[in-house]
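**Student:** Assembly of the complex is requested from the two constituent chains, each provided in isolation within its own frame, with the hints serving as guidance.
Those sequence lines, one after another, are chains W and Z.
Mapped onto UniProt numbering, the consecutive letters of the first sequence carry residue numbers 1 to 314.
Mapped onto UniProt numbering, the consecutive letters of the second sequence carry residue numbers 1 to 516.
Since the hints were made in silico from the structure, they are not lab data.
Check before you lean on any hint, since a few could be wrong.
Derived SDA-like pairs (lysine to any residue); straight-line CA-CA distance at most 25 Å [unchecked claim]:
no.	chain 1	residue 1	chain 2	residue 2
1	W	LYS54	Z	THR189
2	Z	LYS236	W	ARG276
3	Z	LYS404	W	ALA47
4	Z	LYS236	W	HIS158
5	Z	LYS404	W	HIS56
6	Z	LYS236	W	VAL157
7	Z	LYS130	W	ALA47
8	Z	LYS404	W	ARG276
9	Z	LYS182	W	SER86
10	Z	LYS182	W	ALA47
11	Z	LYS404	W	GLN64
12	Z	LYS262	W	ILE154
13	Z	LYS236	W	PRO60
14	Z	LYS236	W	PHE145
15	Z	LYS262	Z	PRO326
16	Z	LYS236	W	LEU153
17	Z	LYS438	W	GLU46
18	W	LYS54	Z	SER135
19	Z	LYS438	W	ARG276
20	Z	LYS438	W	HIS158
21	Z	LYS236	W	VAL142
22	W	LYS54	Z	ASP133
23	Z	LYS130	Z	VAL432
24	Z	LYS404	W	PRO60
25	W	LYS54	Z	VAL432
26	W	LYS54	Z	LYS182
27	Z	LYS262	W	GLN64
28	Z	LYS236	W	PHE155
If you want the building blocks of each chain, they are given just below.
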Amino acid sequence: MLLYLIKRLGLSAAVVCLVILVLFSLLYFIPGDPATIALGPRATPEAIARYAEKMHLDEPVWRQFVIYIGNVLQGDLGVDVFSNRSVTTIIMERIGFTLALVTTGMGWAMLLGIPLGCLAAVKPNSWLDRITGVLSVGTIAVPSFLVSIWALLIFAVHLRWLPAIGAGEPGEFGDQLSHLVLPAFAIGLSWVGYLARMVRASMLEVMGENYIRSARAFGLHPRKVVFGYALRVAILPTITLIGMGFGGLISATVFAEIIFSRPGIGKLIFDSVMARNFPIVQGAVLVATSLYIFVVLFSDILIAWLDPRVRESL
Amino acid sequence: MKHSGTTRRGFLASTAAIGAMGLMPALPTAGFAQAGSVLRLRLDGDNDILDPGYMSGGTEIEAQKQCLPFLAQYDRTEEGFDWAPTYFVTKLEQRDPTHIDFELAEGLVWSNGYGPVRASDVKFSYERMKGTDWSGYFDAMDHVEVTGERSGTIVLSEPFAPFIMITLCHGPGAVLCEQAVKDAGGEFTNEFPAVCGPYTYEAIPGQRVIFHANPDWAGPKPAFERIEANVISEVKAAELAFEAGELDCTEVGADTLARYTKNMPDNTEITVAGELQYMWMGMNTDHPKLQDIRVRKAIQRAVDVDSILQGAYSGTTSKSHGIICPGLIGNRDQSGYSYDPAEARALLEEAGVSGLELTLRTLNNQERMLAAQIIQANLGAIGITVKVLPVESGPYWEMGQESKGDTWKDLELWIMRFGTTPDPYEAAQWFVSDQVGKWNWERWTDPEFDRLYQEGIVETDPEKREAIYVRMQEIMEDTGAYLWINHEPEAFVHTTDIDVNAAPSGELNYRLFDKA
Chain W
1 MLLYLIKRLG LSAAVVCLVI LVLFSLLYFI PGDPATIALG PRATPEAIAR YAEKMHLDEP
61 VWRQFVIYIG NVLQGDLGVD VFSNRSVTTI IMERIGFTLA LVTTGMGWAM LLGIPLGCLA
121 AVKPNSWLDR ITGVLSVGTI AVPSFLVSIW ALLIFAVHLR WLPAIGAGEP GEFGDQLSHL
181 VLPAFAIGLS WVGYLARMVR ASMLEVMGEN YIRSARAFGL HPRKVVFGYA LRVAILPTIT
241 LIGMGFGGLI SATVFAEIIF SRPGIGKLIF DSVMARNFPI VQGAVLVATS LYIFVVLFSD
301 ILIAWLDPRV RESL
Chain Z
1 MKHSGTTRRG FLASTAAIGA MGLMPALPTA GFAQAGSVLR LRLDGDNDIL DPGYMSGGTE
61 IEAQKQCLPF LAQYDRTEEG FDWAPTYFVT KLEQRDPTHI DFELAEGLVW SNGYGPVRAS
121 DVKFSYERMK GTDWSGYFDA MDHVEVTGER SGTIVLSEPF APFIMITLCH GPGAVLCEQA
181 VKDAGGEFTN EFPAVCGPYT YEAIPGQRVI FHANPDWAGP KPAFERIEAN VISEVKAAEL
241 AFEAGELDCT EVGADTLARY TKNMPDNTEI TVAGELQYMW MGMNTDHPKL QDIRVRKAIQ
301 RAVDVDSILQ GAYSGTTSKS HGIICPGLIG NRDQSGYSYD PAEARALLEE AGVSGLELTL
361 RTLNNQERML AAQIIQANLG AIGITVKVLP VESGPYWEMG QESKGDTWKD LELWIMRFGT
421 TPDPYEAAQW FVSDQVGKWN WERWTDPEFD RLYQEGIVET DPEKREAIYV RMQEIMEDTG
481 AYLWINHEPE AFVHTTDIDV NAAPSGELNY RLFDKA
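Here chain Z stands alone, though its shape is the one from the complex (with noise of 0.2 Å):
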């Protein structure tokens, strides 16, 4: 008689083959290493919602600008920063404080049949915008006027100088096909219902998206036909993959920035989009222990912020003299204040403070610890006691909220940095009165402060612009609540075969790279 079925022995026996299987030789590996015009790029994470109303940000703002019309685009100047036409249209104009008027550049066209992109879909775009997420970006705006099929104009409801720069230069600038968002529900998510522009959109999660060239784009020519930007969540593992050969071009940290600037490796070159990130040291001024403000300007002057950008950040960050980043209207390039002992201690003694005590919060990484521990030690030698206290991102963001808790009334010092766009007034937003208990967890106000804000929101001459940021910074500085520190750049390596286009703020355009 015949047995079938599986057998202890036929077990064991299929077991070492399926084993064995995983002992295969790697086959060759020629295909990694692609050439020729796809250009190999990292993405940190899946793109979960390209949808500009609901989006997080980062890199689905690098998605939307290959695949969407924008009317503007970022200027990098000898200055700093600035705005351009994009080549989607043949006319951007601010007529007057209030009305941005366009034209719409001819044969731009939707995929997936939707037909050409029409002034109305501007205007469906922006004004749904005022509904979404990310409708803080468009509060100055009132409607858009459609005054032909390609021409319309932007009417804001007050003067916003800024509004190009950072609204319609950036990712909530976007613009939809008004017909494909309505078939797709109004929202979407991970997939464009349509695009105009150089590449098409493919996804693939957890690994990557890949652009294609898209078959309908009339418009220039993008100098790669295929980009593959690859999901790698670790900066580390990124800079080692581009050390092996399989990327082009991707973000670095401090330390390999600093060891590539003195150590550059053959074919390699590193491009710094921008430094629009501020870091400082607050302090409560509301704290009974922080109360004076002699014993705050002692704290402003017995830290060496020479020694924490050189011990913490490896000399690859700009020293910090204000809220206002390298290339913006309104930087400084200088303090009111700067590193003296010998004036910190005279301060104290006259304020009749000694044995102080503090608790100094900061996010729990590397480089902010190594900064605590630096201010901990320079505010040490002047008779003050520093507990450095890490703290997890959750309850760090909440500390100084007064609807998180009672935690903003212990605060005495924290590290602290924020992000920005490529406008002053982004920066200063968060330091007026009505931010007490929000954002300015320092908690001073100053009428001059909040009326020179409203000033500079309106205001669209830049040397007036600029007197402005400087006086509102001073006025800052003067509180004694601030410590300046550092902006970190956001620097990328890649090969000297391509020309890096990024967004002040760190967004790649690759529709915009070039082959050098």
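Chain W extracted, bound-state conformation (with noise of 0.2 Å):
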């Protein structure tokens, strides 16, 4: 187990520092020179030179790149362009937002769509099955940026049933937690499918092994064969995708932020994107792939952890 767990945590470290390189390299692949590109086309040379020197543009590249990855090694991304704000400050004050986002969305599919894949698995081709299975290849076939914006259309504009816009005032737990409803709903349907689906037919693969056919000849309650264990060995796939799924909707929830005007990582880089602000840029994509390869690491452990034969195997 120390061995795996020393191995995923090298490739994990790996991952990042490529990362950390092409986020560097970005700054000077994009036509333009970087200054003029940041702080618009009629900055005053002054500024300019300015800002070339706060950002070490007027040093060798290869220097450039050992400040920035000693920098980042000691946890400073830099400082906003234009607010002078350190970046990491800047990062901390939206990640939160994602990550309740993100929990959210996860969590709403994961309470609907482990069901659904448990009951269509248990009834296979009956009218429940097949239901399951149009509703699960329809949430996933639309795209999340759809939901929210018929979402956003029918229950915000059209309805007023729930708010619109913003992540609701701080330290009201009920307008956040209302303001988290839509945005939710839209970046977790997809999800409600997906999980449906794996869990439907790594239940399929279980029921037919012998323990399960076992248990049923000594007369165990069928919610007890179901979901004593044939869901407790079938639900560890369903985890690695569970834990990718967190990992990709970091990502996903750019559009939702955006369409909701919600505070995030997501809109942090979308943002800084069309502002040219390269080192909210370069940070905040640094902070969302290392959770992301974080995360990922974590249900590779968490499986060995719960999983004997894997942890066996290792």
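**Tutor:** What follows is the structure, encoded as structure tokens:
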């Protein structure tokens, strides 16, 4: 287990290093002078010179890279081009909103998708299975930005049941929760389908195993067989999927955050790209990527912990 | 033996419980539709730097106007735009072309215990601006003389007619508290070191800015006690928020403006702040394909601008006849050419040009791409093949600049839009001889134009200024290098129960909003 952990940590660190390299190179692949792009076409020569000095753009590229790596290792992601605020602080102010959105979105998708998958597997080819199948494929096929727009138009603009923009008043839990409903619905909907299909497939495989047949032969209650024995094994591949999905949702929130004008990492990246605020783009993408890697690593370790067979095979 | 710690079964149960929290029914949301003396608006992004010397502009200027004193403000008249003294001054007079006398109102007090607003604060603020990123607005100013506790004189080094209009009314004209700025280290970013105005400032990054009623404010009470400016980067999202009843006022895009104009929803009005943007198609007079003025004039006459206004802008923008925008001294109501494909063909024949192929570069956005396609079709009709090249904003703004590479040599046609301030001087400055290779991408020079530009700066008689700027646009047009397109409006949609106050360039002035 320890060796596995070391291997996985090493691989994760290598991916993070690669991301840092790519993000650093980004500034030099974009056509145009980085200082002019960041400050706008009518920036004064003095402002451009000051920016170049602040960003170390007047230094050789290799030295800029060394400075960048050194700063990142110390948790210093640079400063915002315009406000001079610490990029780390700006990201920390917003990351909680993204994590709340992703957790809620994936949370409701799990609560609905996993039971739906179980029910479909217990009665394969029944009308319930068929309806679940159609709904699952339907929700998977609809992109989250489309769900966001329709949810906004129906529930906020037309019916006015739920708020359209923002994250709610700071410190008011109810208000914040009501602002979370529509974006969480939008990003989680397709995951209901994914999870239902995944659980169904795993469950069908497990339900054919000898130990399940034995449990049934002993006359155990069907609920006990499904949830007590079959689901415990069938859920394992789903955990990997949830881990990857959780990481993927961090980047998928960008649409929901823009459409609902909700603060978060995705919107921060989008706004910063539009403003050519490269230190924030670099910092926020690095944090988002690191979170993704961390969540996937965590789900791998969790699988190893939950499944003795995986643990023993290491 | 009792076993403690996390078990696999326990983990699964906890996960399910945490997930269930996500499905908790939403609580009532009555709180988001506040009314009364709260005004809910849109900010297109966080205010990064509130310091007038280093700001980006836009909504940062909006914040300054609520929290800092200004000596002058824009005044909309029937003829166009003018200036008027603010309630921060009891006197603001241009004594002669180089001296502007002012007297601050009594009872103005800075927050945070910094005492009364003094003439020395004005001196500090304006003289400080000469060493900042916005120093261009103070090039003409020599110094400020303090003649009393609340009075002084702004001394210009040479006559500069638009000084009050473009500098004192605009963001750079904000007055700062000298001592507070010094205590803050000489510069500040996203917090005012001291305010003097009807509102105080509180920012929640990424979410909103709240302007609270300033308890130290002794001046006229604003109509709204609290302003909530929500950070909404996308215009479309803001329009939907308005339709959902969560904003009282927001800027609208061209298509929504057209939709609302055609079918105005209940309890809704449109206010147009100004049209201080001018768009044209430029031609490089140095390029071998376009060196013959007859070819350029043929292109001017071959494009049906009215089709562009309808097809790309849904009829929501004014047709342009030059660089001076509607409402400003020197605005023209007619061009010296018109859409005439037959004349265009004749000019091409006269020049002996056939099978001409040109590249039209434009920023890659919806309206300009549509405009480019209409131009492409119009020029195709007279035998000119146009390749439309969409360009990302980084390289786009460098295309004509000699200091940024060699693209200027290949530049043929391009669609350009500049924004301006409410004085014709600003728009004209980019086309003088020393701007060739910088912002005069058309690359022509004209001694008369340069002379008129200098005369326009010092001339204070409006009629003479009008004649100067009309003539300057005629000179530009006669080069054949300009196809005037339009002036896009800064339009705001709002509920009928509020009166919107916006600067000609579109910045909202919340303290002058009123209840209808």
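**Student:** Does each hint fit the structure? Answer for all of them.
**Tutor:** Hint by hint, here is what the structure shows:
1. LYS54(W) x THR189(Z): Judged against 25 Å, a Cα distance of about 16 Å means the pair holds.
2. LYS236(Z) x ARG276(W): With Cα atoms ~21 Å apart, LYS236(Z) and ARG276(W) stay inside 25 Å; holds.
3. LYS404(Z) x ALA47(W): Roughly 16 Å separates the two Cα atoms, so the pair holds.
4. LYS236(Z) x HIS158(W): Within the cut-off at roughly 16 Å; holds.
5. LYS404(Z) x HIS56(W): holds, 20 Å
6. LYS236(Z) x VAL157(W): Distance ~13 Å between LYS236(Z) and VAL157(W) Cα, so the pair holds.
7. LYS130(Z) x ALA47(W): holds, 14 Å
8. LYS404(Z) x ARG276(W): holds, 18 Å
9. LYS182(Z) x SER86(W): The hint holds at about 22 Å.
10. LYS182(Z) x ALA47(W): holds, 22 Å
11. LYS404(Z) x GLN64(W): Holds, at roughly 22 Å.
12. LYS262(Z) x ILE154(W): holds, 23 Å
13. LYS236(Z) x PRO60(W): violated, 43 Å
14. LYS236(Z) x PHE145(W): Answer holds: LYS236(Z) to PHE145(W) is near 14 Å, not above 25 Å.
15. LYS262(Z) x PRO326(Z): At roughly 23 Å apart (the allowed maximum being 25 Å), PRO326(Z) and LYS262(Z) satisfy the hint.
16. LYS236(Z) x LEU153(W): At roughly 12 Å apart (the allowed maximum being 25 Å), LEU153(W) and LYS236(Z) satisfy the hint.
17. LYS438(Z) x GLU46(W): holds, 16 Å
18. LYS54(W) x SER135(Z): Holds - the C-alpha atoms of SER135(Z) and LYS54(W) are around 21 Å apart, at most 25 Å.
19. LYS438(Z) x ARG276(W): Since the Cα atoms of LYS438(Z) and ARG276(W) sit roughly 22 Å apart, the hinted pair holds (cutoff 25 Å).
20. LYS438(Z) x HIS158(W): Measuring from Cα to Cα gives roughly 50 Å; hence the hint is violated.
21. LYS236(Z) x VAL142(W): holds, 21 Å
22. LYS54(W) x ASP133(Z): holds, 15 Å
23. LYS130(Z) x VAL432(Z): This hinted pair holds, its Cα atoms lying about 23 Å apart.
24. LYS404(Z) x PRO60(W): Holds, at about 20 Å.
25. LYS54(W) x VAL432(Z): violated, 33 Å
26. LYS54(W) x LYS182(Z): holds, 23 Å
27. LYS262(Z) x GLN64(W): Violated, at about 55 Å.
28. LYS236(Z) x PHE155(W): holds, 17 Å
In this structure, the hints that do not hold are numbers 13, 20, 25 and 27, in rising order.
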